[in-house]
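Asker: So you can see what is in the structure, the chains are spelled out below.
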Amino acid sequence: MRKTTNQKAWWLVTPVLLLVAFNAFIPLMTVVNYAFQETFGNNQFFWEGTTWFEKVLRSERFHDALGRQMLFTSMILVIEVPLGIAVALSMPRKGPWVSVCLVLMALPLLIPWNVVGAMWNIFALPDIGLLGYSLNSMGFDYNFTRQPVSAWMTTVVMDVWHWTSLVVLLCYAGLCSIPDAYYQAAHIDGASPWAVFRYIQLPKMKRVLTIAILLRFMDSFMIYTEPFVLTGGGPGNTTTFLSIDLVKIALGQFDLGPAAAMSLIYFLVVLLICWVFYTVMMRNEEQ
Amino acid sequence: MSQIEFKNVRHAYPPAKGQAPVYALKEVSQIWNDGGAYALLGPSGCGKTTLLNIISGLLTPSEGSILFDGSEVTRLPTAERHIAQVFQFPVVYDTMTVYDNLAFPLRNRGVAEARVTQRVTEIAEMLDLSDRLQQRAAGLTADGKQKISLGRGLVREDVNAILFDEPLTVIDPHLKWQLRSKLKELHQRIGMTMIYVTHDQVEALTFADKVVVMYDGGVVQVGTPVELFNRPKHTFVGYFIGSPGMNVLPCTLDQGQPVFANNRLDSGYAVASDLAGKLEIGIRPEFVSFSDDGIPVAIEKVEDLGRYQVVTVRHEAEQIKMVVGEDQAIPAQSPKISFAADNLLLYQDDWAVETEHA
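In the order they appear, the protein sequences are chains A and B.
The opening position of the first sequence corresponds to residue 1 in the working numbering, with each subsequent residue numbered one higher.
The opening position of the second sequence corresponds to residue 1 in the working numbering, with each subsequent residue numbered one higher.
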């Protein structure tokens, strides 16, 4: 029998190839282009090798921004994940309140980043904002535009307000997938509420929780708009996280080379942490 | 272990506004003996799961009371009733080993670890799980998981009864039989009261000493498999149990003898001729045979099932199924059938009429 060869099927792949090319590969390559060369405009480039990478990796400014970023991400994960689980556990599983709760939970997720930043900015203003004014009149010395601690607190609380819902909704979906029989069996086995959580709810939530943590990690690690609108990275550099710093270097100082090198390092850090995290979670799964 | 008694138990789920309550479970008054193996048999929606939940305490009946060994438990929560239950879908604690799963109910009750080890080892032995004790429970097959669910009930020494809610639903057919014999064996060995809910007559009849047949929210008959087969108290029982089910045919009475299709049937008994209501005769396909004279029929279908043949015949509007031996010939010309007198039952409004041979 003669085998017919038909290469037409390749055309079916082209839309995806084009999409990936324009969406990811070509933009990334331009960044790579800048990261290894120096340019003074006029489309003139000079080979620099790994100079920019060395510069970025040795710079104290990058270390500080990375440190702040790590601290911020750890803080919001430590707060949002347990809080999200707790809220999901206390939400009703049946009845008319389910939809009310779901809508209330989804609301913060629908608000654009810069609006959230602006809202919290006004909300927290020490002289006219509801939060700032109340805190000050209660005797707390609170001013997020001047005190690093206040600025950090406000940024963290803002993120918690904006994104805990995501963890809640994912966990809630996980909880809803547990058949009643599990609770009945646990009841019959005389399990305490803690044991029910530890041996039924937590294991069943594990997959969605993995996704929630990954998403929250990536999002918070790349956070830009909200702190930019709220504090602008200040006071001083105290809330200048990685992307804010990156934009300052790239657009503020127009240091395209170091900015490109920093972008790539940034990208690799996110990728690396996600990979490690995912591998660890999935290895447990297989055991 | 204990005797279970129902006193006028009824249950209605909360009705929609302005509507009269519909009883999912009509009045049940029963006494189930300590150490018995009972099966609740009936089609979906007949109230058997409602009854099971009332026993386990997941549901409080709207009326009536339930007693374990004479003491009232109607309002006791599940945990205080000392009940074990095996659910339709296997429930295991995924993150624990098989051993920890079995030990879980004991540890929750603060049993000393030495005793836990002893009990778990003993029960694992009974369930053939000994070699898998250190495995993660999540890795077991459905039948293994179902054994663990059962084991968690068996390890406890305070269990009044073990309830099974269609436990073989997700088990592979060839393992069903094994697990069912295991259950039977365990029942004989430990003599615990076991209540088994199913809609599968084979499961019910092989497992139970006493089968409780439920239909439309009520208990229609409680009896041994043989009683259910030979003397169904309700046409539903006749129809539901046996394969194919009992033939139920309209009849009239003539001098206390049932008459079907202008044939006075020899039933060996006489009943009062003035029985009112819908009258029917019930005859199992096993007791219908071809004969030289009797009711003329037309043959519609012959199904050869290997060991026997199921023949569907028709007399006017009535379809009749009969079981004919493999070696028996099926008459080609003007077939006639007759019913075995000893097994001819009479029903008034779907309920069996008490006759002498019944």
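Wrong hints could be hidden among the right ones.
[Claimed, not checked] Cβ pair distances, simulated, as ranges:
hint, chain 1, residue 1, chain 2, residue 2, range
1, A, Met-281, B, Thr-141, 20 to 28 Å
2, B, Val-202, A, Ser-177, 26 to 34 Å
3, A, Val-280, B, Thr-141, 53 to 61 Å
4, B, Thr-141, A, Asp-180, 17 to 25 Å
5, A, Met-282, B, Ile-190, 36 to 44 Å
Worth flagging that the hints you see were computed from the coordinates, not collected in a lab.
Yeah, the Cβ is synthetic: ideal placement off N, Cα and C, and Gly gets one too.
Asker: Does each hint hold? Answer for all of them.
Answerer: Structure-based check of all given hints:
1. Met-281(A) / Thr-141(B): 20 to 28 Å: 25 Å Cβ-Cβ, so the 20 to 28 Å window holds.
2. Val-202(B) / Ser-177(A): 26 to 34 Å: holds (33 Å)
3. Val-280(A) / Thr-141(B): 53 to 61 Å: Once the Cβ atoms are compared, 28 Å apart, the range 53 to 61 Å for Thr-141(B) and Val-280(A) is violated.
4. Thr-141(B) / Asp-180(A): 17 to 25 Å: holds (23 Å)
5. Met-282(A) / Ile-190(B): 36 to 44 Å: Distance hint for Met-282(A), Ile-190(B) holds at roughly 42 Å.
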